Every structure is written in C-alpha cells, then in structure tokens.
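Enquirer: Just need the whole structure built from these sequences, with the hints factored in.
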Amino acid sequence: MTAPINPADSLLERAPQALRDLVTSHFPQPWRWFANGLLADVAILAVFGLLFAALTLAERKILGRVQNRPGPNRTGPFGLLQPIADGIKMLSKEDIVPRDADHLLHFLAPVTLLASAIMAFAVIPYGRNLVPVDLDAGVLYFFCVGATTELAVFMAGWSSHNKYSLLAAMRALAQLISYELPLLLSWVPVVMISGTLSTTGIVAAQSGWRWGWMPTWHVFTPWGLAGFIIFMVSALAESNRSPFDLPEAESELIAGHLTEYSGCKYVFFFMAEYFGMTALSGMAVTLFLGGWHAPLPALEFIPSYAWFGIKLISLLMGFIWIRATFPRLRMDQLTRFAWKFLVPLALINLATAAFWSLSFGWSGPMLAARCGVALVLVIVPFVLLGRRLTAGLAPRSYAYAT
Amino acid sequence: MTPSPLVPTGGATVRAVNDEFHGDLLEVSMGPHHPSTHGVFRMVVTLDGERITKLKPVLGYLHRNHEKIGESTSYLGSMPYTDRLDYLNAMTNNWAYALAVERLGGLSVPERAEYLRVILAELSRLQNHVCLAGFLLQDTGASGTPLMYAFREREKILDLFEALSGSRMMCNFQRFGGCRTDASPAWLAQVAALVGGFGRFLDEFEELITGNEILMARTQGVGVLKGPAAVAAGITGPMLRAAGVGYDIRKVDGYGLYPRFTFRVPIGAHGDTYDRYMIRILEMRESIGILEQALRDIPAGPIMDPKAKLRGFRPKPGESYGRIEGPKGEIGFYLISDGSANPYRYRVRPPSFVNLTVLEDLCLGHTIADSVVILGSIDIVLGEVDR
Amino acid sequence: MNALFLILIALVTLGAAATAMALRNLIHSVLLLIGSWIGVSVFYLFAGAEFVAFAQVLVYVGAVSMVVLFAVLLTRRSRLDISVTPDSLSRAISAVLAAGAVLGVLLYGIVFTPLPGAAPKGPSATVKQLGVELMGDHAAALLIIGLILTVATLGAVVIASNDPKAEDRQ
Amino acid sequence: MLGSGLLQGLGVTAKNLVGSFHDPKRLTTVEYPEQKTKLPEAYRNFPFLVSESAEDPMGTLRCVACQICEKECPPQCIFIEKSKDKKPDATGKMQIYPAVFLIDSSVCMNCQICVEVCPFDAIKMDHEYEIATTERFNALLLDREALAKPNSYFHEIRPEEAAEVDGRLAAERKAAEEKAKAAALAKASAAAKPAAPPSAVPPKAEPPKPSASA
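Residue numbers (my numbering), protein chains in the order written: chain A, 1 to 402; chain B, 1001 to 1387; chain C, 2001 to 2170; chain D, 3001 to 3214.
One thing to keep in mind: the hints can contain errors.
In silico SDA-like pairs for lysine to any residue, Cα to Cα no more than 20 Å straight-line [as the list claims (entries may be wrong)]:
# : chain 1 : residue 1 : chain 2 : residue 2
1 : A       : K163      : C       : N2025
2 : D       : K3038     : B       : Q1190
3 : B       : K1309     : D       : I3068
4 : A       : K340      : C       : S2161
The hints are simulated quantities; they were obtained by calculation from the structure and are not laboratory data.
These figures come from a predicted structure and were not determined experimentally.
Expert: Spelled out as structure tokens, the structure:
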C-alpha cells in the first residue's frame, strides 16, 4: 500500500472545514467569528433535529420488532415519513393551558428545558477539529447547562397546578438530583487521568494505540469501564429513560409533570428528552469511547466524524434496547440504587483511577499486578454492594401440595 | 385522628387531618379510566406522602344486572351470558354453569365430552395465566414487551377456540349434558402442536423476566397475604395457593375427570406479589401436563347426552351449586329451580370479586406504584366483579 | 461594545433581584432570584474566569435553587395567608431610614475607594493553572473546605436517617 | 451477581429482534387490509336467512315463520310476522313464509342459539365481519331482504356443514316423494279395482316432518 496518507488531510476529513471556510469567507473580518458560530448552530440543529426525528422512528420500529410486530410502516416506505407525520400532528394539536395554571411558568418550562438541552451540544467534539466551541472547562460547561433541567421540570410540575403533576414533579426532581451525583463523579477520573477539563484535550488523551492494535480509550481500563457503566446508568436516569422513567410512569400518574401539556409544548419536552439523551451519549463517547478516534489503525481512512456518529448511534440503540426490556424501578428503590450503590462505586472508582495514574510507570510483571489490583478495586465493591442492595431478593423454589 | 371537613387549598382537595405530625393527607382518585386499572375500576387512595393510608375501591361501573336477567331467561338462554362474566375465560364459565344445571336436572355427560371439557378448561387456564403475567409486567412498566410475547401465545389458543366454537372469546360452547360440537381430529392435532411448543415459550418468558432483579425488587415483599388471612377472606385460586394454602377444587371436589390426571398443586411460601406471579407460571406448566395426558387418552364416542333436550328443559324443583377451579379461583353457580323453564334464583360466585376484598389490606403502607402492581397480581376482570 | 454588554447584564441582574423582592408570588420571586444568579455568572465570564462561571451556575442554579424552591414549597402556609402587616406610618419611616443608612455606606465605599481606571483584562487562568495553584499554595484552604463539606453531608445523613417516619423495613 | 438477570432479559429481546427478520414464528402480526387471515369454518358472526335459489331469494326462503328462534333468542332481537297466504316450499308443500323478519344487529350477540334451535336449517351464522355502517339506527335493523343469502353462499363459507345439511334435506325430500308416490300408488290401485269394496279413507298426506329434534 502506498505510504499511508496522513489521516488528518484525507479529502473527506477536511471537507467540513473547507465548507465552513467557503461560507465564512464571504463575511468581513469582524463578522467572520459570528458567521462561524451561526453556521455551527445551523449544523447542530440540522443534524440533531434529523437525528431526533430518526430516533423517534427507530424507537418505535425497534420496539415493534422486539415485540414481534413490524412497527410503523404505513407512512412512506418502511414508515420513513412517520416522524414528519408525528411532527405535523403534534404541531397542529390545540395547545390547551389549564385556566388556573401559572401561564408564564407554564410557557417558560419547555423553553428552558429545550434551550439547555441544545446548549449542551456546544462543547462535544464531533470530528478532528470539529468542535463548535473549544472551552478550557468544556466538560464542566456541559454539566452546568445540564443542571438547569431540574429547574425546568420543577417549573413544569408546579405551574400546572395539578395534584398529579405536582407529585410527579417532586419525584422527577428527587430522581434528577440523586442521579446528578453519580453522573458527575463518574467522569472525574477521566479528567484526573487526562489532566484537562477541555473535551478536545480528553479526546487527544485517548489517541494512539497500545501494542499496535488496542486503542487507548478510557473504556478499556478497569476504572474506565466502571466509570462508563456508572455514567450510562446515570445518563439513563437523567434523561428519564427506561428503568428510571418514573416521572412519566403512565401506569401511575398519567403523564407525570407533563399532564397539562399538549401540542407544541409537549413536543418541546419530548424533543428535549431526546436531545438530552443524545447529548449525554455524545459526552459518553467523548469521555470514554475515544471521541472521534477510529478503533483500529487500518480503519483510519473512514473520516473522524463518521466514527463519532457510529459510536453515538450504537449508544442510542443501547438506550432503546434497554427501554424494550426492563420494568420500572419504584421511587425509593431508584433513590436507594443511586445513593447506596452508584455513589459509593463512583467514589471507589476515584481511588482506582488514582492508583492507576500513580502506577503509570509499571511494566512487565508489575503491569499485570497493576491491572490485577485495579480490577479487584472495581469488581469487589461491585459484588459486595450488589449483594447488599439485593439482600433478600432471589428467585425462589416452590413446594407442591400433595 | 378524626378527619375534619375538606379544606380547599388550590388544586388538591385535601382532607385536612388535625394530626400535626402527618401534615396534609392527599386524596387521589385513580380510575375508572386510569390506564392501569384493569377495566372500569376506581380506587380512592388517601396518601400520606408516598404511603397509602386508606384505599377505597369503587365498583359497579360494569354492572349489567346479570343475575336478574338470568331469572327471566331460559336455562339455555343464560349460557351465552356466562361468556360475558369473566370475559377472558368463557370456556370455564360455561362449564361451571353447565355443571350446576346438570346437577339440577340430573343429566349425565358422555366420556368424550368430559375429556373435551378438561382440555378446553386447561387451555383457558393457560391463556388466562399468560395474560396475567403480561399485564403484571406491563404494570411494573416493562413497556409492552412481555405483554406482546404473552399475547402472541394467547392468540394461538384463541384461534383454537375460534376453530372449535366459532368465536375467540364468546365461545358459548358447553350444553347441559355435553358440548355443542365435536372436536375434529385436525383440531386435536393443532392443540397437541400448541401444547408441545408452550413449554419452550414458558422457558424463554421466564428467562426474560423471572430472574430480572428489577422485577424481584418491585414484587418481592410487596402486598403480603398470609395463609390464615386469605382463608378468612374466602380467597380462592392462585392467590390462596400463593399464600401457602394448598386448596385446589380440582383435587378437593374431583369434578369432571380430574382424578384421572396426575398433576401437582404448587404453593407459595411468602404470599407476596412475586409468589402470585410464580404460582401462575408453575400452574401453567402443570396444565401442560394435564393437556398432554387428556390428548393422549381422549376416547371416541358421542359428544352430547342423547336424552338431553335442547329446548323446553324444565328441571324438577330444587337447588344446586356447581363450582369449578377457574383460572381466577372458585367460580360457582347456585341455581334454584321452581319447575318452570326459567331458574327461580340464579347466583354467580365470582372469584375476582371475593379476591378483590383484600386489596386495601394488601396495599396499606405501600406506595401508589405498588398498589398498581398488587391490583395486577390479584388478577381481576371487571365483568365478573360487577356482574 | 463590551461595556454596553456589561451595563446590560448589570441592569438585568439588578432588575431581577429588585423585582424578586417586590413580587407577591413566592415561586416567581425565587425564579427571578435564580435569574440574577445567572447574571452574576455572566459577569464572571466577562472577567474571563470560565471555571468560576460554570461552577457558579452548577452550584447555584443546579443545587441551591432547588433547596430554596423546596423550602418555599414545603412551608405549610406558603400560599394562602401571607400575613402582611398593615403599613403603619411609623413602620414605613423606620424602613426608609434603614435603607437610607445602608445606601449611604455603599455609596461612600464606591465613590472614595481608588479604583484603577478600566478593569485590566486579567489573563484568563486556565483550569490547569487553577489546579496547580489550589493544590500548591492554597492546599490547606482546599482541605479545610473539603472537611467542612464532609461534615455538612454527614450531618445531613444523620438527620435524614433517623427520620421517625423512615420507611418500614419489610 | 447483580445484573445477570438483566443481561439474560436483554439476550431474549435481542433474540426476538433478530428473529423477527427471518423467523416467521417471531413476526406474527398481519398487515390487515392487504392480508387477511383465513377464517376457520366454524367462525360465526351475524345470522343470515338461507334461500334456496339466488335469483328469487324472497320466494325460496327456507324459513317457515315458526318463530322458535324468536322465542329462544336470549336478547330477544328477532321479530317475525307470519304471512297470511302460503307458498310452496322446496318440497312442494304449501308453507307459511315470514312476511316480516327483522334482526336488530345492534342487540344480537351472535351466540348462534337461533341456528341450534331452528328445525328447518333456515338461519345460519355468517362469516362477514366487515359490517361497519355510518348510521346507527335503521342501518343496524336488518330486514328480510338484507338477511337473505343463497344456499350457494352457505356452501361457500361452510362447505362441510352445508353439504351435511343439504344431504339431510335431500334425504327428507326423497322420503316425502316416496311417501307421496306410495300414497298415489295406493290411490291408483284403489281406483283400479272399483268393484272392490271402497278402500279405507286415503291416508292423510302427513307433512314431511324433518327429523331434527324439535
């Protein structure tokens, strides 16, 4: 094979930058920065808007296929126009606001939720140098924007002046707050090891291959795997997805804090949930799965943003897969699971990562000891805490009457 | 704490309780159009925070005056109405009614009809328990996947009922002294094929759900019903066996041909929702055993007692009580005949209604999410509860 | 250009804080208070301290606002009968006097302290420098803060654990 | 170990997801308007009146307005008015026919007791299940013309049962003809021997009573 062209300057790789330069070159110098920002916004909204539409369809198709039925296939070939049909239906629905609801708050809640969900996309590196805003404290920005979701959920629950939505808003808040902690604690080891809070720095720390073929992604280290699992479980809870979708537990409190919403506002909430899910998966890819790096040196020719897309899609499919399988946790079990299982595990994970970074120089037999100790530090607490969490819960055997 | 009159504070109609410690008790009405109540059933739940302190079931939304109509319709005319009692198990309802009338009129039933009745009753038990497992997991929030697997199997059984009796759920198939039509060998072969594949389906279903930690957390230790309390409340069926009392009318009465079949009766040790779920899964496995034995031994012969008259059936004055082990419990029919074509008194002993009486005792101290799961595990059908 | 933004943000923050006090509806006032906190974090961004700005939003808008909102919600008589004492004249006079005194002190401080002209654009400290600084000279301060926070969390756990209406352990 | 049950569950759903693409057992739904599942022969929906010939349904209705089904119907949704005059039925015997035959299909619960008790096999259960109407009152009250369907249609939807019913009717018809022939022969022989003492009163033409259990 001819000298492998440097992956950085393959044609496909530089396409987005070339496109951007082409567009921004038309603007005078002071406005170029503004045009670049605007272009990034348009790109994010277009890509993730379409991904949202595709996700709603994919969710229903996969859920259908899992349940031995074809899923929507009436609107357009294989149901591809279903999102458009849903969109039109939802937007043309009457937007009913209860008379004694708090109109200002009732309107503000979906707006803040959607705004914070979209703002979170600003720091995720989608490709080699394809990050909309390269902040020095990018990861911290991502999670501080995420923190406003609680506010919006509270506003939604309170402003509807409805007994059900108030009860559900309380539950949603308790869940969001109790899963904020493991979410934040799970990425602290990544920052500790890669030494920087900026997302591009973290992705750079995961470049290169060990032994020629294994990528040095954080997920392939013991503490990285534990952190990744804790991050994904907390992300499930943060975006109110499957085993933790208590707030909209349709079997109990109808639509939870969304009971009094209809029409366009309900679509905002729905969209915000999917954007939140996508943003959290994007951050998971950046922190643990090596951002836009290719898994094998041989596959370097595929452009970096394609790799980011593949990893993102696979994580989202995992979300849908989990939704199709698990029943829902009860409120107290949900919070107990967070405080008595995830938070201790995340703290111990900090210790494992500290040990991992201190024992950086070890090699040969010492390397085996390093991996061994790290694995023990990860698995033993998992088993012990797991046994304590499910004390008294076990499949039972049954006697038979005569 | 004596509840003082309602104090309107904003949206919540809050019954202010002058017990300073508990604060305001929130009264939430769930149903009758709530997605998780099985049919038109309403629960007025008084909540202290998340805990349930009082639960008042409200019934009667589906009352159709079934028993009074029974008094003004002929014995045969009431048979199609029994399909509408527990509309999931028309075959067992018909059998119980036919049993009561046969005891009243002193009719005998040919061998083949008895075998066919056992086969249909066990098929009905299979699809009822599969339905319950699906609904229970739907209540715990499993977004329909186990429910769809359960319904996939149930549809196969309902297709068999349709091929035999003409309708999937409203079978109207039993007559006094036998069955309406004979089962063709092709139909029996289809039943054998279904029974053969049902064991594999149950294994896959249990693999999906029974070991699931979330389900165990949601159902173990929830809604505990001890044996003596169940017996005192007159509970029958899988709920009673889950509470540890091995009372199965198929063994106790030995009606139909059940003494000929060897099957076991599973009993639970804890009496909680998980036990009620597991007992039904194990009962399904026993039913498969019974079906295999019945299909092997079913003889040829008449399907209907030749002496039985279809019209103008006037039993001698007297009374009779026919009961069978329905999928939900003991379903019985009590008839008083005054010699005319219509029964003088027509009474149904509905298992769902009796099992429902302990709902409040099971739910006290649990949360709303638990009350939904407990209601699901009691397995009620409002057609039978309200009659 | 920047000065214009600065004034705008200052107006927004102060306006939000002022109306927060004036509104009768407690929830609206709390939300306006949160708006003013966000205004403060924008100030930090102007000063180039990204880390502090994001920390401010994370801590205040994320957590403290929740505490305030829950406090407002859980006070039993939060909505109906906020007993507003009658505005008697003597009460109004004493209020004006107190406000005037505070205003006087503030104005004196602003006017007479020698401010060095336009605020110099400080070098925006990167997170790494912050980290080195914290763990270096100010490690003691960091450890003490850590200790205080742990004590606070332990206190919360102790209070929450022996709550008399704790769940019944089945 | 925590999570092993969860992973098992995920395995089952994955198996079903993959299976739904190639394993017919794992994709059981049918695209209704385009594909329709084949109805079993015993399937029953609303009743219909059987007429011998398709051309003149009102003329060749099997129903003789004996009103047994009206009495036996549990929800009482059948209404029959006898005709004043008589018309010959399939076996040539003069029979009353229903002038008015109404079934209120909003009350009928298709329990097929009318089919069971009908001694003349005049009413059978249909296979037609797409019967939505736009108008609630009159459209659901089916009159004689709407209910009548030819025997050929009955053969189409229930081949076995129709064949069995036709066999029985043909046998009765043959029995009725032999009796009529025998009666005619006896009359002829009586006429052929006028000298013989006047024979007994010719046996009364006994109506061919079908043997279905009354």
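Enquirer: Hint by hint, note whether the structure agrees.
Expert: These are the hints, each one checked on the structure:
1. A/K163 with C/N2025: Holds: A/K163 and C/N2025 sit about 19 Å apart, inside 20 Å.
2. D/K3038 with B/Q1190: This hinted pair holds, its Cα atoms lying about 16 Å apart.
3. B/K1309 with D/I3068: holds (15 Å)
4. A/K340 with C/S2161: holds (13 Å)
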